[in-house]
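*Asks:* Line by line, the protein sequences are chains A and B.
The first sequence lines up with residues 1 to 157 when you count with the numbering used here.
The second sequence lines up with residues 158 to 414 when you count with the numbering used here.
These are calculated hints, taken from the structure and not from any lab test.
Heads up, the beta-carbon is just placed ideally off N, CA and C, and yes, glycines get one too.
Be aware that one or more of the hints could be misleading.
Unchecked claim - Some chain B residues flagged as far from chain A (calculated, every beta-carbon gap over 12 angstroms):
| # | residue |
| --- | --- |
| 1 | L338 |
| 2 | E344 |
| 3 | K347 |
| 4 | H411 |
Claimed, not checked - Mimicking EDC-like on lysine to aspartate or glutamate, the simulated pairs with C-alpha atoms at most 16 angstroms apart in a straight line are:
| # | chain 1 | residue 1 | chain 2 | residue 2 |
| --- | --- | --- | --- | --- |
| 5 | B | K245 | B | D233 |
| 6 | B | K321 | B | E344 |
| 7 | B | K207 | B | E226 |
| 8 | B | K212 | B | E226 |
| 9 | B | K237 | B | E412 |
| 10 | B | K312 | B | E322 |
| 11 | B | K321 | B | E412 |
| 12 | B | K340 | B | E322 |
| 13 | B | K245 | A | D31 |
| 14 | A | K37 | B | D233 |
| 15 | B | K237 | A | E34 |
| 16 | B | K212 | A | E35 |
| 17 | B | K314 | B | E412 |
| 18 | A | K37 | B | E226 |
| 19 | A | K37 | B | E230 |
| 20 | B | K212 | A | D31 |
| 21 | B | K207 | A | D31 |
| 22 | B | K312 | B | E412 |
| 23 | A | K23 | B | E211 |
Unchecked claim - To give a feel for the contact side, a few chain B residues facing chain A, derived at Cβ under 8 angstroms:
| # | residue |
| --- | --- |
| 24 | L192 |
| 25 | L197 |
| 26 | G199 |
| 27 | I201 |
| 28 | A213 |
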Amino acid sequence: MSINATLIGQMITFALLVWFTMKYIWPPLFDSLEERKKKIADGLAAAEKGQESIVLAEKKAKQVLKEAKEQSSEIVSLAQKRANEIVEESKHTAKQEGERLIISAKSQVEQEIQQAKEGLRKEISTLAIAAAQQILGAEIDKAKHQDILNKVSNQLG
Amino acid sequence: MATEAHAEGATGYIIHHLTALRVGEGFWSLHLDTLFFSVLLGGIFIWFFKNAAEKATAGVPGLAQNFAEMIIEFVDQQVKDSFHGHSKLIAPLALTIFCWVFLWNFMDMFPVDILPGIAGLMGIEYLRVVPSTDLNATFAMSISVFCLIIFYSIKIKGPIGFAKELMFQPFGPWLTPFNLLLKLVEEIAKPISLALRLFGNLYAGELIFILIALLPWYIQPLLSFPWAIFHILIITLQAFIFMVLTIVYLSMAHEDH
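Chain A on its own, in the form it takes in the complex (with noise of 0.2 angstroms):
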C-alpha cells in the first residue's frame, strides 16, 4: 500500500475527466433536459387551452342551435299565420267573385228576359195584325188602323 506517482496520475485523469464533462457532456443533456421540460409544459398548456377553447365552442355551438330552433319556430309560426291569412283571403275573394258571378248572372238573365219581352212586343203586335187581318179580312185598313194597333201593343208592354 504505497502512495507513489500514480496517484498524480490518477489526479491527472480526474481533472481531464471533469474538464471533459465540464465542457462537452454536461451542458448539452442538462438543456435538452430543459427544453424537453419546457416543450412538456407548453403542450400541457396548449392542451389546458384546446380544452377549454372546446368547451367555449360547444357552448357557442348550443347557443347557435338554440337560436336557430327559435328562429325555425318563429318561421313555421309565421309561415302558418300566412298561411291561413291566405286561406282567408281567398275564401273572402271566391266569395266576392261568386256574389259577382251571380249578380252578373242575373243582369243577363233580365237582359235576355227584356229583349225576350221586347221580341215578343214586336212579334204580338205582327200575330195581332196578322189575326185581325184574318178576321176582318182585307177591310181593315193598316193606314188607317194605326192608332188602334199602336193602342193594343201599348197594352200588351
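Model the placement of chain B on the given structure of chain A, informed by the hints.
*Replies:* Chain B in isolation, oriented as in the chain A frame:
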C-alpha cells in the same frame, strides 16, 4: 489457474491478488493496472455520455440518452438539494465522480481470477483490476476535491475571510489556537475520510471475494452469490457517498458566514 505458479498457499494467493502491477521504485513508481483501468473506465464513461450528448434532443430520447438523462437528473437533484450557490463546475464534477467511482467499483463484480488470469496468460504477473482498492486512486480524487474546497473557500470568502473562519470559529477569537487546530483537523479529515472510506469498503469487499475464492468450489456460489448481490448495493452506495460528500463539502466552502 495462472496464479497458481506464484502462489504459496492461501497467503500467497491473497497477496498476489492484492499486489499492483508496478513499474519504478520509490515514490516515482506507477501502478500501471490502476492507471490503465481507471483511464479505460473513464474513457467508457466519456464515450457513453458523449455519445448521448451528441444525439441529445428535446424530442423523444433514445435508450442511451434516456439512461444518461436519468443519471444527470439524479445528480442534478443531489446538487440542488445540498448546494445552494451557483457553480458551473459542481454538477459535472459530481457526475464525473459518481460515474467514475461506480465504474471503478464495478470492476469488483468480475470474478477475482478472470482478468488477472487472462493477464497472466499474456505474461503480466500482477494485476489488480479494481482502481478503488488502490489508495493512490482514491486519494487522487479526494485530494483533488480538497484542493477545490480550499480554492472555493478562498475564492468565495476571500483569503482574509477564510483565515478568519479558520481562526475564530467555532469558539470566538479568545480561543484562536484551539480553533485553528480544530479547523485544520476538520479540513484535513475531509479528504482522508473520503479516500479511506471508499478504499476500505472496496478493499474489504475484494478481500472477501478472494477469501471466498479460496474455499472449495461447491461452497463458493453459496457465499459469493449473496456477497455479490450485497456488493451491488455497496459499490453504488460508495459512489453515491463520495459524490454527495463532495457536494456537501463544496457547498460548505461556498457558505460565507
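*Asks:* Against this structure, judge whether each hint is valid.
*Replies:* Cross-check of the supplied hints:
1. L338: Holds: least Cβ distance 25 angstroms, greater than 12 angstroms.
2. E344: The claim stands: E344(B) keeps its Cβ more than 12 angstroms from every Cβ of chain A (closest is about 18 angstroms).
3. K347: The claim stands: K347(B) keeps its Cβ more than 12 angstroms from every Cβ of chain A (closest is about 16 angstroms).
4. H411: Holds, since 17 angstroms exceeds 12 angstroms.
5. K245(B) - D233(B): Within the cut-off at roughly 12 angstroms; holds.
6. K321(B) - E344(B): With a Cα-Cα distance of about 14 angstroms, the restraint between K321(B) and E344(B) holds, given a limit of 16 angstroms.
7. K207(B) - E226(B): holds (12 angstroms)
8. K212(B) - E226(B): This hinted pair holds, its Cα atoms lying about 12 angstroms apart.
9. K237(B) - E412(B): holds (15 angstroms)
10. K312(B) - E322(B): Holds, at about 13 angstroms.
11. K321(B) - E412(B): The hint holds at about 14 angstroms.
12. K340(B) - E322(B): holds (8 angstroms)
13. K245(B) - D31(A): holds (13 angstroms)
14. K37(A) - D233(B): Distance of about 14 angstroms is within 16 angstroms: holds.
15. K237(B) - E34(A): With Cα atoms ~15 angstroms apart, K237(B) and E34(A) stay inside 16 angstroms; holds.
16. K212(B) - E35(A): It holds: about 14 angstroms lies between the C-alpha atoms, which stays within 16 angstroms.
17. K314(B) - E412(B): Cα-Cα ~8 angstroms, so holds.
18. K37(A) - E226(B): Measuring from Cα to Cα gives roughly 12 angstroms; hence the hint holds.
19. K37(A) - E230(B): Holds, because 12 angstroms separates the two Cα atoms, which is no more than 16 angstroms.
20. K212(B) - D31(A): holds (12 angstroms)
21. K207(B) - D31(A): Given pair K207(B), D31(A) holds - Cα atoms ~14 angstroms apart, limit 16 angstroms.
22. K312(B) - E412(B): Judged against 16 angstroms, a Cα distance of about 11 angstroms means the pair holds.
23. K23(A) - E211(B): holds (13 angstroms)
24. L192: Check passed: Cβ of L192(B) comes within 5 angstroms of chain A, closer than 8 angstroms.
25. L197: Interface hint status for L197(B): violated (11 angstroms vs cutoff 8 angstroms).
26. G199: Check passed: Cβ of G199(B) comes within 5 angstroms of chain A, closer than 8 angstroms.
27. I201: violated (11 angstroms)
28. A213: Holds - the Cβ of A213(B) comes within 8 angstroms of chain A, reaching about 4 angstroms at its closest.
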